[in-house]
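*Asks:* What follows is each chain in one-letter form.
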Amino acid sequence: MIKLGYKASAEQFGPAELLDFAVLAEQCGFDSVAISDHYQPWRHHGGHAPFSFAWMGAVGARTQRIELGTSVVTPTFRYHPGVVAQAMGTLASMFPGRVWLGIGTGESMNEVPLGIEWPDQKERFARLREAAELMRRLWTEERVTYEGVYYKTRNATVYDRPDRPVPLYIAASGPAAAKLAGRMAEGFICTSGKGMALYAETLLPAVTESAQKAGRSLSDIELTIEMKVSYDHDRQRALEDTRYWAQLALSQEEKVGVEDPVEMERRADALPIERAASRWIVSNDPDEQVEKIKPYLDLGFTHLIFHAPGPDQKRFLKLYGEEVLPRLRKVAAQKAPAVR
Amino acid sequence: MKFSTGLPNCREGRLNPIGSVDRAWMCDVAKAAEELGYYSLWLNEFLQTEPNVAARFDDPPAYYDPLVTMAYLAALTRRIRFVTSTIVLPHHHPILLNRQVATLDVLSGGRITIGIGLGGTLEEFRQLRGDLGAGNRGQMMDEFVDALRVLWRDAKASYAGRYVKFENVDCFPKPVQTPLPIFMAGEAEGVLKRIARLGDGWIDTFFPPDQMREKIGQIQAFVREARGRDAPVEIARQFYISLAGSAEAAQANLKASLPNAKPSQAPRREGMEMTLAGTPGEVAARLRRYLPVGVTEICAIFYSPDAGGALRQMEMFAREVIPALAHSQEGDTR
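Protein sequence lines correspond, in order, to chains A and B. Residue 39 in the working numbering sits at position 39 of the first sequence; the count goes up by one each step and never skips. Residue 122 in the working numbering sits at position 122 of the second sequence; the count goes up by one each step and never skips.
A portion of the hints provided could be inaccurate.
Straight-line alpha carbon distances no greater than 27 Å define the calculated DSSO-like cross-link-like pairs of lysine-lysine that follow [to be verified]:
1) A:Lys-3 / A:Lys-330
2) A:Lys-314 / A:Lys-3
3) A:Lys-292 / B:Lys-2
4) A:Lys-292 / B:Lys-31
5) A:Lys-294 / A:Lys-318
6) A:Lys-3 / A:Lys-335
Read the hints as simulated data drawn from the structure, not as lab findings. Since we're looking at a predicted model, the values are computed, not measured.
With these hints in hand, go ahead and build the complete structure from the sequences.
*Replies:* Following this line, the structure appears as structure tokens:
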């Protein structure tokens with residue numbers, strides 16, 4: 001079964017407002033809600049950065065069925081992975097079967113302001129691999145002694161956790177992290193709008209290949225993608241809504257080494273609206289939305305988490321829940337689940 | 001990274017069929033480029049039929065003047081920039097060019113970059129600028145750029161060079177942009193030094209990544225020498241591209257873009273990378289090699305038999321290639 005989720009933009013909304021959106025997402029028929037985890041937002045003016053684990057506790061208490069996840073947390077710098085394992089153990093104990101942890105190698109803007117040195121990508125990835133191994137052990141074993149290059153534990157136990165380990169989703173933008181997901185994770189996460197060749201030729205083949213090597217089936221891995229969509233009956237409004245998230249369109253060269261939200265905001269605002277919107281599926285027609293999302297379903301993604309950029313999230317949740325989700329479920333059902 | 005695309009104003013017989021380019025094609029490309037988020041539109045300049053095009057085709061190509069075309073298209077757009085890549089500077093008189101470019105800059109709202117080159121052959125230069133005789137075109141470039149800067153800056157502009165002299169020229173409007181960017185094309189040491197002294201950017205059409213890296217290193221060293229400190233220089237690289245859903249279709253598009261062409265007489269430069277033909281994935285993979293070198297702007301100029309083909313490739317490039325380049329690194333999970 002395909003899962004259709006809602007991305008709670010922690011960078012854009014305060015915790016109480018964001019909580020209402022998550023509750024409404026459940027009412028509007030979304031299957032999951034995922035939150036990002038920032039210490040600093042992308043924009044200085046009007047930016048927010050609520051603490052994800054505390055917020056997930058509140059969402060769990062105010063909802064009944066919706067799945068809760070992070071997309072994504074960096075468990076390797078300001079948090080010790082053992083503490084992230086504990087936080088998720090607590091959440092999974094309270095909301096069994098409803099939570100998962102998405103992790104990634106992180107962004108300097110969330111670590112450097114706390115006085116943390118920002119290492120190269122090679123070390124960031126090595127840390128992620130260790131953290132994933134360590135958290136998995138803390139969710140399945142007691143009195144864990146771990147001797148990693150970056151993390152060490154001595155007889156560490158997470159006392160409150162469910163019997164089944166917390167599902168781990170690994171975020172990837174290149175083949176190395178995608179292979180790690182294929183080898184050991186319950187889920188793989190990426191983001192849309194980066195050109196179909198990246199998914200079809202690089203990321204998904206890497207997941208598949210390493211899963212096979214590890215003797216796993218692709219159906220063991222939730223292929224998850226954050227879908228960047230801007231939908232409104234007014235097309236111009238849908239286009240203008242992408243302005244807040246213009247930094248997503250910045251290339252790696254344009255944003256490298258920017259830790260300051262003031263500077264990030266300045267660079268993002270310098271982009272023309274067409275470039276700001278380039279990552280997004282912008283449309284006022286539900287069938288056009290479905291048509292542009294379908295290629296991702298065809299590639300085999302099973303969990304789509306919709307990120308809407310505009311200020312009126314309640315309007316988006318209602319419109320999308322009524323007009324687009326049912327159409328997508330129909331299309332997904334027609335697509336024979338032969339592979340899985 | 002900025003991504004730009006080309007206008008076909010002087011590309012018949014090189015990337016487009018003889019007799020194919022018209023007003024509608026250029027207007028459609030300009031409007032679509034703006035809608036698709038391209039940073040700038042590049043125009044080139046030939047004044048008369050190039051010898052190699054004359055040798056390959058029975059009919060002459062139409063070459064539209066870049067400055068006049070820019071003025072027309074600036075009125076149809078509101079955001080996108082315009083770059084000449086390149087106008088042949090020694091063919092233009094600096095005082096006249098100063099006024100054309102300043103007028104364009106004002107009317108377009110500061111959207112003009114002037115790319116300049118030595119261009120053409122010595123014979124053509126003598127044919128067109130008999131008044132300057134057998135002058136040193138390198139020195140002419142230096143003087144003309146200096147003269148343009150003086151004219152754009154000073155109320156009563158004076159300049160005394162070997163090839164251009166004027167006194168108290170009281171010429172307005174001045175450009176909106178200060179400074180109005182001047183890019184330079186070429187590969188000789190003299191060109192790279194001129195960029196370091198007088199330019200804002202380098203335009204390259206030929207070199208593979210490792211050789212570009214070497215040249216960029218030279219420019220940066222010359223910048224330190226000339227200005228006594230590091231200063232940013234834009235590095236713009238243009239590519240002639242044939243983009244399609246399959247490698248075969250991309251090759252077919254190359255052929256269809258130059259129907260009835262006789263074999264090219266132009267000498268081949270081994271090891272250079274001017275033309276890229278293939279699928280979005282293949283083209284992105286070739287272009288990705290230029291990212292770590294220090295390129296700041298990539299201009300994709302498309303081979304096409306008609307406007308529709310050009311528009312399809314522009315859209316494919318914007319939707320498939322640009323995102324793949326902007327977001328292809330490990331760790332950029334956003």
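*Asks:* For each hint, tell me whether it holds in the structure or not.
*Replies:* Results of checking the hints against the structure:
1. With a CA separation close to 13 Å, the supplied pair Lys-3 of chain A and Lys-330 of chain A stays within the 27 Å bound.
2. Proposed proximity of Lys-314 of chain A and Lys-3 of chain A is supported: the alpha carbons are some 20 Å apart, at most 27 Å.
3. With a C-alpha separation of about 25 Å, the suggested pair Lys-292 of chain A and Lys-2 of chain B falls inside the 27 Å cut-off, and the hint holds.
4. At roughly 23 Å between alpha-carbon atoms, Lys-292 of chain A and Lys-31 of chain B fall within 27 Å of each other, so this suggested pair holds.
5. Annotation: proposed proximity of Lys-294 of chain A to Lys-318 of chain A holds, straight-line Cα distance about 21 Å (limit 27 Å).
6. Taken as a hint, the Lys-3 of chain A and Lys-335 of chain A pair is honoured in the structure, with Cα atoms around 14 Å apart against an allowance of 27 Å.
Violated hints are absent here; each numbered hint is respected by the structure.
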